[in-house]
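**Q** Residues per chain, in single letters:
2 protein chains.
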Amino acid sequence: MPKILHTSDWHLGIESWIGSKSTDRLEELKVALNFLVEKAKEEKVDLILITGDVLHNRVSPRLEALNLLADILAKFASLAPTIVVLGNHDWQGLKAWKNLKVKNLFIVDEPVVEPLQIGNFNIFAIPYIDVQRLLEFHDNLARAKDFLNWFFEEVRQKINPYKLNIVAGHLMVEGSIESERENHIEVEIKTTVVPTGIDYVALGHIHHQGQLSVNPTVCYCGSPIIFDFGEEKESKGALIVDFEGSQKRILEIKTPCKKLKTFYLSDYSAKTIDKLSDELKSFEGYARLVFDAPESNEVRRYFMDNFECVRKVVFKNEYDSTSILTQIKKLDLLDMYKQFIKGRFEGFEDKMIQTVEEILKEVEEL
Amino acid sequence: MPKILHTSDWHLGIESWIGSKSTDRLEELKVALNFLVEKAKEEKVDLILITGDVLHNRVSPRLEALNLLADILAKFASLAPTIVVLGNHDWQGLKAWKNLKVKNLFIVDEPVVEPLQIGNFNIFAIPYIDVQRLLEFHDNLARAKDFLNWFFEEVRQKINPYKLNIVAGHLMVEGSIESERENHIEVEIKTTVVPTGIDYVALGHIHHQGQLSVNPTVCYCGSPIIFDFGEEKESKGALIVDFEGSQKRILEIKTPCKKLKTFYLSDYSAKTIDKLSDELKSFEGYARLVFDAPESNEVRRYFMDNFECVRKVVFKNEYDSTSILTQIKKLDLLDMYKQFIKGRFEGFEDKMIQTVEEILKEVEEL
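Respectively, the protein sequence lines represent chains A and B.
Counting in UniProt numbering, the first sequence runs from 1 upward without gaps.
Counting in UniProt numbering, the second sequence runs from 1 upward without gaps.
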């Protein structure tokens, strides 16, 4: 009964709520990941799949984050073959770790169509396809889509019927996220491109744990902790996939992590404030307060300063997404693109902006 | 007959002659280091000692440098136990590589007085003691010296008479460099502090290959390539130490590397220029031209633009060290300190300057 541990999107080094109440999440991640190491040991897993975004900062990651990452990867690799497929957040310096040839640790920074053959497993791996970076070299999004179609066609031809065939990738599946975020320039796949004969598709990128399709079996395992208030109701943790003959059982692993909660308040009358203060005193975790009332810096300061758990205080006007949409509509496409890439692609940004500018101009001229 | 390969001061990622004719040295280092890997294989060495400064940039090292470093270290570790003692240039992110627990690779980022026991060897290791960093925590240079004395006293007590006892360190030995550089704030040891019973002291920091003392046997193995014109006559490469009973043979390994040569010219008459041009045409390596004549931008441009090998053109006034000394004397101590630490200790610099300022003030008040 071969068993896989599937974990993803660790974002080591992330600091949440910068500008409001900056919070280093490394210690929480350390606890959650060491819990997964223990689980892998208890469950005697045969393979560990880590589907990307192990680090948060793709440029100059924090040393503490690198130290913890190396420590956890070494622990996993001492238990079972461990595959890390790089995500969009992952620092290119991890390629050097690959060169170190750590026993049982496979870092995948390029799409692999010649499957990794490890024990009972035949593994195809696909790191994040960065459309923004591809712009440098190729025409457009279509090229990336073609590439993904080609990739899955190659996979289909190399399926080994005597093994468990696994795809591990950091990518976006159509329909996997809420409509709000669908405007991203990202390549997406349909679950229907997965060829028959693939036993499990392990995905990372989306932080919400969930099974997207039963046949083929396609799962996002989710992040090990809750990063932000938008995700407070999502399932987090990791997955264990247990293959029993032609059957498989998917077990959700809940990692120990801090609770996040949004408190919705209709006003900030003395009564509301007293009641809320009592609740917050005994609340363990991170709290966001949303007041359906005009902005008050006094109220904000009171809660931010007196309650350790409060990370964000938001007022109706700021929270109202209609007003955000109005702001967005004021930006033109090029400005939005500039804001999006700012600080993400050092050295490439000017060239990227220039390319997009030219494309937009061509489109206008049509 | 146990054998050690001793190599050091790779400075991967270094670019030479920035501002004159910037030259990436990575490819040369790759050739030299792969040559050493082959040597280690041929000679069937039992231990590889790398005594620091494997990287050049202690902050944000280049990814290509990290990739090559990992590749070379993995090759060495596949041949024999490999010890890397960190130097003053080494990036703190190498600590994460230690956490990866690569088989046969030992990265030492803190002084080790509990010796590493590897086969026939009993190894004490001491990475660079950064006095500037110690200033943050301790009183002064004296503290660092005390530490080194304590270190060697510990070593003395832990010598194992049934093994080969080795010290591997990145540090400065008194009298090992030319007087010009002796004003550095650095801890130095005397070779006399090395306890009886130590069979070999492997050092890095100074790029010049040389044996400082026969009994105890103390050697700098030198850098694998020639980095600058000041070093053009120095021995470079690596050392193989071959222990035969109570005897040892020290073999100098010459690495393949580009030649550096300074051409001294008394003038830039047409005749001199013609003769020099002929010589430069057939010269393979990097050339520096020193004219004992007033500065001429025309002459400089002619040689810099027309001869690929020419990296630097210097005129008498610029080269005259007396005039440099005059410039230096115009700086006060604090300015010199500021210039020295600039860009080296991000985040710590203000605090360091403040500390030194306070110390200088105290001294003045005495």
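To be clear, the hints were calculated from the coordinates, so they are not data collected in a lab.
Among the clues, some could well be false.
Intra- or inter-copy, both count: the list cannot distinguish identical chains.
No farther apart than 27 Å at their CA atoms in a straight line, the calculated lysine-lysine pairs in the DSSO-like style are these [unchecked claim]: (1) K39 to K259; (2) K101 to K3; (3) K351 to K21; (4) K338 to K103.
None of the values given here were measured: they were computed from a predicted structure.
**Q** So, for every hint listed, does it hold in this structure?
**A** Verification of the hints:
1. Taking CA atoms no more than 27 Å apart as the test, K39 paired with K259 passes inside one copy only; the shortest distance there is 21 Å, against 57 Å between copies.
2. When the C-alpha separation of K101 and K3 is checked against a cutoff of 27 Å, the pair qualifies both within a copy, at 24 Å, and between copies, at 25 Å.
3. Within a single copy, K351 and K21 get their C-alpha atoms only as close as 35 Å, which misses the 27 Å cut-off; across copies the closest is 25 Å, which meets it.
4. Taking the shortest Cα distances, K338 and K103 never come within 27 Å of each other, neither inside one copy (42 Å) nor across copies (45 Å).
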